[in-house]
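**Student:** As they're listed, the protein sequences go chains A and B.
So the first sequence is numbered by our numbering: it starts at 1 and just counts up by one.
So the second sequence is numbered by our numbering: it starts at 1 and just counts up by one.
Derived DMTMM-like pairs (lysine to aspartate or glutamate); straight-line CA-CA distance at most 20 angstroms:
no. : chain 1 : residue 1 : chain 2 : residue 2
1   : A       : K255      : B       : D24
2   : A       : K284      : B       : E325
3   : B       : K27       : A       : E323
4   : B       : K27       : A       : E247
5   : B       : K223      : B       : D211
6   : B       : K164      : B       : D152
7   : A       : K255      : B       : D28
8   : B       : K354      : B       : E373
9   : B       : K93       : B       : E133
10  : B       : K191      : B       : D160
11  : B       : K127      : B       : D82
12  : A       : K374      : A       : D385
13  : A       : K326      : B       : D28
14  : B       : K27       : A       : D332
15  : A       : K326      : B       : D24
16  : B       : K191      : B       : E290
17  : B       : K27       : A       : E249
18  : B       : K42       : B       : E251
19  : A       : K284      : B       : E393
20  : B       : K27       : A       : D254
21  : B       : K42       : B       : E90
Every beta carbon over 10 angstroms from chain B, so not counted as near; a handful from chain A, in silico:
no. : residue
22  : G17
23  : H31
24  : A51
25  : P173
26  : L204
27  : I246
28  : E349
29  : S398
Because the hints were derived from the structure by calculation, they are not lab data.
Here the structure is a predicted model, which is why all the values come from computation and not from measurement.
Glycine is no exception: its CB is placed at the ideal position from the N, C-alpha and C atoms.
Here are the chains, one letter per residue:
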Amino acid sequence: MRVLMFGWEFPPHIAGGLGTACEGIVKGLAHNGVETLFVMPNASGDEDQSATTILNASDVAVQNVSSTVEEFINKVKFMYVDSNIVPYVDPDEYFEAIEKMRKEGLTQTTVGFGQKFKFSGKYGANLMEEVSRYAQVGGTIAMQHIDEFDVIHAHDWLTYLAGIAAKELTGKPLVVHVHATSYDRGDEKHIDTRVLDIETRGMLAADRVVTVSDLTRNIVINKYGIDPAKVVTVHNAVDFSGRENIEVERGVRDKVVTFLGRITFQKGPEYFIDAAAKVLKRTKNVRFVMAGSGDMMNRAISQVARLGIADRFHFTGFLRGAEVQKMFALSDVYIMPSVSEPFGISPLEAMRTGVPSIISHQSGAAEVLKYALKVDFWDVDALADDIYALVSYPALTSFASKEGYDEVNELKWNGATAKLKKVYESLL
Amino acid sequence: MKKSVCLYFQVHQPTRLRSYRFFDIGKDSHYYDDFANRTILKRVAQKCYLPMNELLLQAIKASKGKLKLAFSISGSALEQFDRYAPEVIESFKALAATGKVEFLCETYYHSLSSLAAPSEFQHQVLKHKAAVEQYLGVTPVTFRNTELIYSDDIARQVYDLGFKTMLTEGARHIMGWQSANYVYTAASQPKLRLLLRNYGLSDDIAFRFSDRNWTEWPLTTDKFVGWLDQADGQIVNLFMDYETFGEHQNEESGIFDFMKALPKAVLAAGHEFVTPAQAVKNIKPAASLEVPDPISWADEERDLSAWLGNELQQEAFNKLYGLKEKLAIVNDPDLWADFGHLQESDHLYYMCTKFFSDGEIHKRFSPYATPYEAFINYMNVLSDFIIRLNYAEQQN
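Full structure from sequences and hints, please.
**Tutor:** So, in structure tokens, the structure goes:
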């Protein structure tokens, strides 16, 4: 079994969780005897290729391959480069990108046949342009390697057009993998219709749609109108191999309850703050930390000040690399009150560090984590109850910590990709 | 008509906080950005304090003592001079030795304690009085509160602390049809004399001097003395930050030349200079002034909104002063010193979110990119302070 896989990023150079998931998937597939050719827009050369062969789309010249594809590409290249709603972008980078676009103005360019295109492979302002170019280059790569794969697999909307092009050219089956949908990125009034359009085209053209949770599967079926028979859930896993938990010296003696992630509407920061205020009314020996940045951060700070809990509720700003591990290590309870979360890998990271977690039912992770405490994101009283219990009752805390640690160590990509392999086999 | 011209310059430098992260809480209790504080102080000393002090000293001598003026130097600034630029203190001493320069009293930490706790306010006023005596060898008799904050309630406290004169803002919404160019008394304490800032003429120098879009630019001494001639009343109070000279208005703007020529021009036109203490001796009060709600010299509103206008500022203020009783029980000198520095009004000023009318000025003086960052950093420091305080309380 051989798979041509289209991704957007791959460790070590990653901006979001997609690259990490892709690495776990190709390694897991290799373990299950599936070979992958992994195509990405801009490989750096220092990716770990032990489990896959990486093809760099920036090295490939576009060729005039067939008339049907030319027609497809003609449709693609009319996409403009003025997207303001771009997923996964780090908020700081996002504002810079928007500012830069305003200053420079917008230009539409198309790549000519026989030319190479240097992809940034980032989630920047010219994302739409890169996505359509990636489709052109993706078609070319598929033809060049036509004898080397049985199935095409495309990760998230960024790569769907490349997947479609590859399928149209080679006639081989296409799997699209939904890690997130437009409905998780913002409220319905502000959805970028061009992204929605690409998502829908990808799912319709696919022979199978893989979703990271049943929550996402329901969205794919109900919001995108995809035939339930071809939508399969393969829950995410996490690769903790070679990871040592770090030791940190704690400065505060109080229990620390942490929220870590982008401070945006869909992550539910205001429910965390309201719950914190309720807990602080009952016990003083606890501190709350909101780690991360995002467009709701200033509003969150004002909310904390208004509630009069700013001496017990701290903000760290955006955390990088080792600081994230440090923050987990300093925490006693981890909270993910997401309003809509396709999966949500962060509670798994917390539990791997031995930190008991409370997560919302509105997250994909809630479907697989038995030993996380679960509440509805809007149920602030329940969230406050659970936080209070975890900081007050050591028996519960040590149980959730120990069982949670064992549980997440069992969530391996080897199991998830075995399921993925069955999906491929059903198409041949 | 002959006017008494009363010059008073405010000297203050905040004790800026270092970037203090959540990870530092409970581990590292040094809160101050010593490098920035030293660098900024040395720069301002070179560009403003030293050259301007020398200019004024020469002008006093040249006028044969007819040039008189007043300074107020916050305790936080005095501490920094002592540590980083003792020559500045020497140059203020030289001015004091002329006998023509009055030094005013204020809250030691340039704080808002007058709005928070009478006992803390009293403590800081007396601490500042002692510091002025120690560093400059003179005993202050006139009071100026932080940012010229004033109310009937504060007036009572100031009089009870032994001061007969106080400076504040001639705020339009308080004055109504009355002119700031007279001496007033406090409605709550008729024995306390008030000198009110003439904000028009003060800001012509402090804010508009180098503004090329200003219709009166460039400002000359002839023009300025002409406005003094035309002014109503008996006294013109020109109150401004001392950093106006060489910092806010740079040397290239000609501000030093202007200030060098101004005393001669004022005296030649038949006006006189007075210090605040002399002014209230020479001039009889014209009326009594009622100020139920606090006023200040800041921003368009002339109220407290620059420091306590939003919920971030109120939260920080309330959390800080909520610690007072515990501090009194613990009574530890290191904790008192940090408590003092954390009271500096500048920390609250950095959290101001009034972006539109006066936001530019706020931004210029803030070491933080946003008011939210200022708040986060301050609360992190305060959280560590509270841990130390609680620990000290347990040890007792």
